[in-house]
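Q: Sequence:
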Amino acid sequence: MIATVRGKVLAVKAAVAIIEVGGIGLTIRATAATLAKLREGVEAFLHTTLVVREDSLTLYGFDEAEERDTFEVLQGVSGIGPRTGLAILSVHTPDALRRAVGARDAKALQRVPGIGAKGAQRLLLELDKKLGPARGETAAGSAMDGADVIEALTGLGWPERDAYVAFDAVRQEQAGADTATLLRACLQFLGARK
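When you read off a place in the sequence shown, starting at 1, and then add 33, the result is the number in this note's numbering.
Source of the hints: derived by calculation from the structure; they are not laboratory data.
Certain hints may be false.
Calculated lysine-lysine pairs in the DSS-like style (CA-CA distance at most 27 Å, straight line) [claimed, not checked]:
no.: 1; residue 1: 70; residue 2: 46
no.: 2; residue 1: 140; residue 2: 162
no.: 3; residue 1: 162; residue 2: 151
Keep in mind that this is a model prediction, so the values were computed, not measured.
Can you make the complete structure from the sequences, with help from the hints?
A: Here it is, written out as structure tokens:
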């Protein structure tokens, strides 16, 4: 219904941003990563989806169209509401979610607040065909190397989302590299971002 919003950011709070569009202040729920990119008084552009419930109309905003599309797919999973969908995208990027589903990694899904063992299994089952493969995923070995690299980075104290972003950034140029080389490249990428 409302696919995008462009306007001046009036306020950024813990879970929402208020963006003025045509003289109207819209309250938009978003992930912490999306909210962190918004600055009060500066124009912002968000990809949005409107969730209509019996007692409310809630606008959810995302930095990337891919995040919005993934959020909408998540809404089709039984037991996953908008808040849980937003929580999933706060922990996993869309590509990281596709990798977790492709690798049948229930533990990665259980890292999301509100998702237990049964919920993770339901997500794996229902999202298997809906999300498609992760970008650049060619061999089963690359998924295993990726899981090892992500686990190593999180073990070193990097947030999981940052670990996935780093892995996504380096794996194309490091195609065919072993786990140690991928880990070194990810650490260099993360170090350069600080």
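Q: Against each hint, give a clear statement of whether it holds in the structure.
A: Structure-based check of each hint:
{"no.": "1", "hint": "70 x 46", "in the structure": "holds (12 Å)"}
{"no.": "2", "hint": "140 x 162", "in the structure": "holds (19 Å)"}
{"no.": "3", "hint": "162 x 151", "in the structure": "holds (19 Å)"}
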